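Q: As a plain string of letters, each chain reads:
Protein chains: 2
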Amino acid sequence: MLDQHNNKRKRGHAMATDRSRYAARGVSSGKEDVHRAIEPLERGLFPGAFCTIFPDIAGDPAFGSIQHVDGAGTKSSLAYMASLEGFDSSVWEGIAQDSLVMNVDDLACVGAVGRMHVSQIIGRNKFLIPAEAVEAIIIGCKRFCDKMREFGFDLVYVGGETADLPDLVRTVTVDNSVSTRVRLTEVIDASRMVPGDVIIGFSSTGQARWENRPNSGIGSNGLTNARHDALSNYYTAVPESHSPQVPKTLVYRGDYRLGDPLPGDSHFTIGSALLSPTRTYLPLIRRLLELAPVGQIHGLIHCSGGGQTKIGKFGGPGNRYVKDYCFFVPPLFAMLQDRSGLSWKEMFAVYNMGHRLEAVVPESAEWACFAAATWAGIEARRVGQVERSSSGKNEVVIVVPEGTFTY
Amino acid sequence: MLDQHNNKRKRGHAMATDRSRYAARGVSSGKEDVHRAIEPLERGLFPGAFCTIFPDIAGDPAFGSIQHVDGAGTKSSLAYMASLEGFDSSVWEGIAQDSLVMNVDDLACVGAVGRMHVSQIIGRNKFLIPAEAVEAIIIGCKRFCDKMREFGFDLVYVGGETADLPDLVRTVTVDNSVSTRVRLTEVIDASRMVPGDVIIGFSSTGQARWENRPNSGIGSNGLTNARHDALSNYYTAVPESHSPQVPKTLVYRGDYRLGDPLPGDSHFTIGSALLSPTRTYLPLIRRLLELAPVGQIHGLIHCSGGGQTKIGKFGGPGNRYVKDYCFFVPPLFAMLQDRSGLSWKEMFAVYNMGHRLEAVVPESAEWACFAAATWAGIEARRVGQVERSSSGKNEVVIVVPEGTFTY
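Quick mapping for you: the protein sequence lines, in order, are chains Z and Y. Residue numbers for the first sequence, in numbering that gives the first Met the number 0: 0 to 406. Residue numbers for the second sequence, in numbering that gives the first Met the number 0: 0 to 406.
The hints are simulated quantities; they were obtained by calculation from the structure and are not laboratory data. These numbers were taken from a predicted model, which means no experiment stands behind them. Check each hint, because a few of them may be wrong.
Covered stretches of chain Z (in silico footprint by chain Y; criterion: 3 or more residues with CB under 8 Å from a CB of chain Y, positions within the stretch not fixed) [what the hints assert, rightly or not]: (1) 73-82; (2) 118-128; (3) 171-183.
Straight-line alpha carbon distances no greater than 16 Å define the calculated EDC-like cross-link-like pairs of lysine to aspartate or glutamate that follow [what the hints assert, rightly or not]: (4) Y:K344 <-> Y:E401; (5) Y:K141 <-> Z:E210; (6) Y:K312 <-> Y:E401; (7) Z:K141 <-> Y:E41; (8) Z:K146 <-> Z:E41; (9) Y:K344 <-> Y:E365.
Which residues of chain Z face chain Y? A few of them, derived with a C-beta cut under 8 Å, are [to be verified]: (10) G151; (11) V155; (12) T223; (13) V237.
Virtual Cβ for every residue (Gly too), placed ideally from N, Cα, C.
Put together the whole structure using the sequences plus the hints.
A: Here is the structure:
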């Protein structure tokens, strides 16, 4: 949903029908139009890294600085709908986590696991969003920082803004800015990913040791389509939850109410699955960095916007990322494909479909990934490997029971 | 409009009628409800400073770090309306400046004039906001950084996000995050403001040496009321520019179209005056810090949210800030008072009314303020002085031809 104006180069191709639906809902997996505007921006000290790293704000030539901004996207609109149906304030704390994880997990993918300064930006429509909700969003951000501190992360909540913007915001927007520094010798530079490396996927479902309930696997991407494809037209009674410019036929065209059970997974309702807070992989990544020398970690990819195709934007050119042993598609994503009619190919290009983090390492370092995952209580597997592409361009090939998809 | 979750303590009192109108438009000058949520947040190394300063992100005990977030508020809705009426893309570049200045001028008020890392966060409704507008917002941010670099500021644009959020955003939101470091011995700590100090105001109008056209004096505060009080019901034809929850009687209840001349000032139309980009005082502040030892600058106050009453939140307790020689009220604010029917007392508590920066210094340092202002091409005057309040609490007293107002 969000598009970093820098290293996060976006793929342009998606099946026409899928793209037309995106366009009709005012979102896109490509956002090519904005790219012209940001082309001139520099790529930083490590042009191939997952995040843009700039010269140190403190002027130390041994360090680089990163400042990352991202948010929960339209997941907050879903939280608003859930609150109307009696879900408790934990949905708002979850939104705070969604927004924060979209930042900190990106940062950890370049090896930045030191002190982070966290700011929060909330834009609300005071007519609809009570102070209690804002309070829960702020508390949620602080609680997440406290929880990560238990795992050795120096996440410092340095405050934020709450703007009353009813003339701009339909319900509420939640974003974070996170800044940190990284020692240049410890940077994980995804440009090091080479043919012969193996790709280790870390499950986005289950319950990690730092989580107090199971995760559905959802992140904070693709929620506009997920909401409209899964939820029934019952919710057209909540006009403030969506854009009036979206054609009626694409608004809440699914079959479900938020309280309905999620097919195939007794842990979740449709609402609790869609609102499942985005998992952070921070403790796992930190553990991995303790076990394997940084030089052994050729790439860490946060499969957020772009889903399983994101890796294709990094490394190479000429890398062919073949994933032929992915996790089974979690029930939530299976339901979304069934209800949306999106092609499986596009589903893998929008959602993580089972793992939201992957490590690209030489086979000799695979054990460290598995050890870190086992410690974290997160399932991991070798989902594929890096090969040389015949085209000389990067390719991503996904081989799953649903088909073989090349991007 | 925006409410820093930290040092920016807000005053609660405003005349009931004014407050009820704020409430009816879903904005407030108080935002007491959110304060409960943020009470527990720490105030940093200098609890009385204008911005919250945290221990250095680089771990240097001689430095502090600040990360500031703020935005253009509903001024972007006005830019959208102007673009519909044929204003060129410079209105979008102006919005980028509005958002950025709301951050960097706050930072400079604690003496932070070193390297700043600037991120931008744009949330747009793709149905209404074309790529050209987003491009202008991004370019505007970079151009401002480049311009300030000419004046010795190391403003580094480190990228940002553009989110397509039609289900959340009516038109477009523009925010920035700016982080920097400051040497602790160079911090301007507003808690040093004491009785006997003089208050020097720096005009928000005219044309500074780094500006290429005159400024109307407007900042990025109070624009929700300014839009609805100044503009005519002609604009009810642009429903996406305001909240549907606002009572019809409070929507665009003024007399003007954006192209109408601003009464009393031939430089501006109503539109160009309301959209006049928020002036930055950065070069003036830097010059002032070169001329006067930091110990001589007891306080720098950015009169943004809270307008002329903002100073009352700092220094003391027991300071009485008397401003009895303010600038003449600029034509834009006079028009807004006339059309809004807001009391003059509330006008001074919402808008800067003539100066958006004030320096609080011992009389012996006054010359440095005037010298810096003259260099900058910005009018300055001694608007008042700090006295001891009888109540033991901070007070702000404004003595103007329109009346004497105590806050």
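Q: Which numbered hints turn out to be false for this structure?
A: 5, 6, 8, 9, 10, 13
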